[in-house]
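From just these sequences and the hints, can you work out the full model?
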Amino acid sequence: MEKTDIISYTVLIIITCNVLGFIFSLASIHFPVFDRFKIQKRKIKSKTFYKRLPLIFLNIILLILISCIGLYFFLDIIDYQISIQNPIYILAQLFIIFFIDDIYFYFLHAFMHKNKFILKKIHSIHHRAITPVALEYMYVHPLEWMSGYIGPFLAMFFLSLIGPVNIFAFWLYQVIRNIHELDVHSGFKSKISQWIPYWGETEHHDKHHELLKGNYATTFTFWDDFFNTKLKK
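What the sequence shown shows, in my numbering, is residues 404 to 636, in sequence order.
By construction, these hints were calculated from the structure, which means they are not laboratory data. Quick caveat, the model's predicted, so the values are computed rather than measured. A hint or two may mislead.
Here are the computed lysine-lysine pairs in the DSBU-like style, where the Cα-Cα straight-line distance is at most 30 Å [as the list claims (entries may be wrong)]: (1) K454 x K406; (2) K610 x K446; (3) K524 x K616; (4) K616 x K441.
Cβ-Cβ distance ranges computed for the label pairs, FRET-style [unchecked claim]: (5) F561 x D438: 19 to 25 Å; (6) F561 x Q443: 37 to 43 Å; (7) L557 x Y412: 29 to 35 Å; (8) L415 x L461: 35 to 41 Å; (9) K454 x D482: 29 to 35 Å; (10) L423 x K519: 33 to 39 Å; (11) L614 x I491: 36 to 42 Å; (12) K519 x L458: 20 to 26 Å.
For each residue, glycine too, the CB sits at the ideal point set by N, CA and C.
Given below as structure tokens:
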């Protein structure tokens, strides 16, 4: 595998996930048949979603650019030659990336709510989506998601202190993280994730959007249990 392939495949993953998220969002808005699967009865108006698309698309473009720049500077610590025949090694690194990224995100997210200035000027943009649809995970102030995107690269740095970071671990992180964000912002009732212990489900994050407090965790909900910020259902 060439070094340029790492960046190309990463871009392809981001674009594919968000195109699917866009299609899923349009379907949930325009086809009433899906309403019975939604958590909240309140609906987002199509014109409201379309007005938010410029910021969403801007953030996706920036996400692609920053991912490319970040990977470029991390190329020396990425193992892109190793085959996928070592799944335990890859899964262990995947879990570590998720774990470090998630605890970082928890404290960042909680801070954005507790700091009134940041909540008003930055994080409140994301919370205009009281009943979000999938692609609105990217309806945020650019400074918010960019500060949140430090998490996975911070994890990769710590992993590099032990050895090279497997590119498949990073790609799996990208796929799962993107799909998970689309899922928890979709507004649809959980069917599969509710059976995975401590895995962030749609109901958990949707409640956060509805009440503008608590449930600060995203991937692993045990952070809210541990720090006593979990909202009652």
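Inset, instruction - Below or equal to 30 Å on CA atoms is what counts here, so check K616 against K441. - result: Given that 30 Å is the threshold and the Cα spacing comes to 21 Å, the pair holds.
Legend entry - Consistency of beta-carbon spacing, L458 to K519, with hint 20 to 26 Å: holds, 23 Å
Inset, instruction - Measure nothing beyond the straight line between the CA atoms of K610 and K446; if it is 30 Å or shorter, mark the hint as holding. - result: Distance ~15 Å between K610 and K446 Cα, so the pair holds.
Legend entry - Distance restraint hint 37 to 43 Å, applied to the beta-carbon atoms of F561 and Q443: The hinted range 37 to 43 Å holds for F561 and Q443, with Cβ atoms some 38 Å apart.
Inset, instruction - With respect to the beta-carbon atoms only, verify the hint that F561 and D438 lie 19 to 25 Å apart. - result: violated, 44 Å
Legend entry - Pairwise beta carbon distance, K454 to D482, judged against the given window 29 to 35 Å: The hint (29 to 35 Å, Cβ to Cβ) is violated, given that K454 and D482 are roughly 44 Å apart.
Inset, instruction - Quickly compare the C-alpha distance for K524 and K616 to 30 Å and report which way the hint goes. - result: Holds: K524 and K616 sit about 16 Å apart, inside 30 Å.
Inset, instruction - Take the C-alpha atoms of K454 and K406, compute the straight-line distance between them, and say whether it is at most 30 Å. - result: violated, 38 Å
Inset, instruction - Starting from the hint 29 to 35 Å, judge whether the C-beta atoms of L557 and Y412 obey it. - result: violated, 22 Å
Legend entry - Pairwise beta carbon distance, L614 to I491, judged against the given window 36 to 42 Å: At 40 Å between Cβs, range holds.
Legend entry - Status of the given 33 to 39 Å range, CB of K519 versus CB of L423: holds, 36 Å
Inset, instruction - Take the C-beta atom of L415 and the C-beta atom of L461, compute their distance, and say whether it sits inside 35 to 41 Å. - result: violated, 20 Å
Hints 1, 5, 7, 8 and 9, counting from the list given before, are not met by this structure.
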